[in-house]
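For the protein sequence lines, the chains are A and B, in the order given.
In case it helps, the numbering used here puts the first sequence at residues 1 to 352.
In case it helps, the numbering used here puts the second sequence at residues 1 to 192.
You may find that some hints are simply not true.
If we take Cβ atoms under 7 Å as the criterion, some of the chain A residues that face chain B in the derived model are [unchecked claim]:
#1 Ala75
#2 Ala82
#3 Glu134
#4 Phe137
#5 Gln141
#6 Ser209
#7 Ala215
#8 Arg218
#9 Ala228
#10 Thr231
#11 Trp232
Source of the hints: derived by calculation from the structure; they are not laboratory data.
In this text, a Cβ means the ideal position worked out from N, Cα and C, and glycines have one as well.
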Amino acid sequence: MRRLIRPAVDYAADLVRSSARDWDAFWFTPADPSLLGLLRILTGLMLLYTHAAWAPVLVDFFGPAGWLSPELVHAIQQDQHAYSFWWLVPAGGTWPTYVASMAILALFTAGLWTRLTSVLSLAVVISFAHRAPEAMFGLDQINAMLTLYLAIGPSGDALSLDRLLAARRAGHASPPEPSAGANLALRLINVHMCIIYLFAGLSKLQGESWWTGEAMWRALANMEYQTADMTWLAWHPWLVNLMTHTCVIWEVSFCMLVWRPRLRPLMLAGAVLLHAGIGICLGMWTFALIMLVGCASFLPRSAVRDLAAWLAPERPAFRPAALTLSLAPQAAGARFAATEPREPALARDLAG
Amino acid sequence: MSHPDFDGDGAAGPPPSGGRTFRRSLRLAVSAWLVFHLAAIILAPAAVGPSSDVVHAAWGVCGPYLEALYLNHGYHFFAPEPEESTLVSYKAERPDGTTIRGRMPDPEVRPRLLYHRYFMLTEHMRDAPEELQDLWYRSYAEQIGRRHGARRVSLTRQTHLLPSAQRIREGGRLSDPESYEDHPLGDFRCDD
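Here chain B stands alone, though its shape is the one from the complex:
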């Protein structure tokens, strides 16, 4: 397997002048790409709000490149604040009249990685733009309907508030019922 050696002044003796010119040109081209790439990967997290007009304008240039390579990330792990969790509880009604209730993510799901996938589904739903919310909720509701053979699915978003340390010291628990806030998302018909 051969790979380009960008260094034209290698120890194996001077290469033919054509080869040296090619390598220097290659090194220049790679350097130009490096400048662009480094600027782009710095721009990605810098573009997460609040950000300046300059950064917004630069995003117009680098954005497509970052998106295509799946490098368009902010790396804001637990920032700016570690937030409360968003869960989804549901009620699925089957044609025979039986009802199934559940909540996502289900802590019993294994492997743990899969649990985190479901958790991301509910966490990301919190940030759904207003114009996409109905489509978003309907997508989840229809999948729940397919899973349980249900014709009708009701969704409720649950915000699990974080307890203060003082509340725990006073005898509170992480799973206290009053730490959950319910926000009904609606009823959805599932025709599949």
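Extracted from the complex, chain A is given alone in its bound form:
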């Protein structure tokens, strides 16, 4: 009996130990914050545009009455924990609140007092969304998701005014220090993007037209979305079928294949094609671009780090990571080892 139990116990113990090691490596291996800084700038620019677009109709959506009256929104959200500072704004305070919100988003984008302004930006994004919930769509969901993770991680540690001011105070510039917080935030964005695509794909499998191959026609023949005339596709049903099936397969498989370094460029190219198509054909450029910002969390960290170093006040010679690696792999490896803590095998594999 003991002979039977012992291997099972050993296996379980080994499984727990190795899982704990992999978990730590995946989430807590310190990472350079440059990519996080780049994502902060891109997300911040989108937040600025998204919220600037409210200006012509601000009172119509966020004033005391508006398209979505407070009574209606409270009724919709009656069982929800949906908080918004707009409910505290007195009559006449709509514009001052809006201007303050835009100022916070601008500071966050520039990376000034980022620890504070990132959290405040999250409050701004959520408050706008919860005040006018029926005017929101996928763009706002991704905006909030990215802002949350940028507030969790040290998104102001690179490519920011905070960094510039710190260098000025110290009298010299130095590369940002790798931190577990930066890795945690990047991993959260990676994983959340995988969940989004997985469920976007799985939910399509509930619909008949995604199986018959007609779904893409239905999306592109919707006149209210359409910005490019795609009715010529009516004469090419096989192409519509192919686009429909490719879309589902790509979305469902993204969460598995994007982690493989060799397949990652292919999956990210697929993201660019898919979202460019959404932008060109359906006119949803904001949604398309913010999804690509999320996908950018899979970019090679070393390349972004080198780019950030090149942009720093004291510029070392800029050497693209891929070129460096191909020309002198040993030297590149030594440089990598000198600037970042050694990553366990799993984390290295996943990070590419």
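Given the coordinates of chain A, work out where chain B should sit on it, guided by the hints.
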């Protein structure tokens, strides 16, 4: 700016034992939050029907957290089917007897993002629960009344049906009048 380093075994040498204990505790706490957070963000799309009783029960735990952070989304983009559009046409009557007619969303609205905001207003109205429908329609009608200085507003929901590829091949157009179905929503008085 300082941020917690969750790794107590950093290259800078062993920290004091108190610091190491704190970092290990922090890492454990963050790991516990991560497990909860990951479960929650998977649960959000999984809770969109059809879903199981287990998922419903789990929503009771994670729902408030997801709602507060605006993470309670299904990510069902164009799923399960790309559907027909819902529009709202209106007739607003001013006190001087003039009448204004319009339709939402107006394709002329710029920027395009703002057009999509209006489109979402009409699209989401389609899924309005029955008990909220009157409040919902009244909210839109009163805003239209304020915009145009009207005392009375009539709303009609329009469903723009999607043409089949075959219909287009036979000479049909996306904007064919017969592709619109009208559903009167009622007349509303605007006292503002």
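These are the hints, each one checked on the structure:
no., hint, verdict
1, Ala75, "holds, 6 Å"
2, Ala82, "holds, 6 Å"
3, Glu134, "holds, 4 Å"
4, Phe137, "holds, 5 Å"
5, Gln141, "holds, 5 Å"
6, Ser209, "holds, 5 Å"
7, Ala215, "holds, 6 Å"
8, Arg218, "holds, 4 Å"
9, Ala228, "violated, 12 Å"
10, Thr231, "holds, 5 Å"
11, Trp232, "violated, 9 Å"
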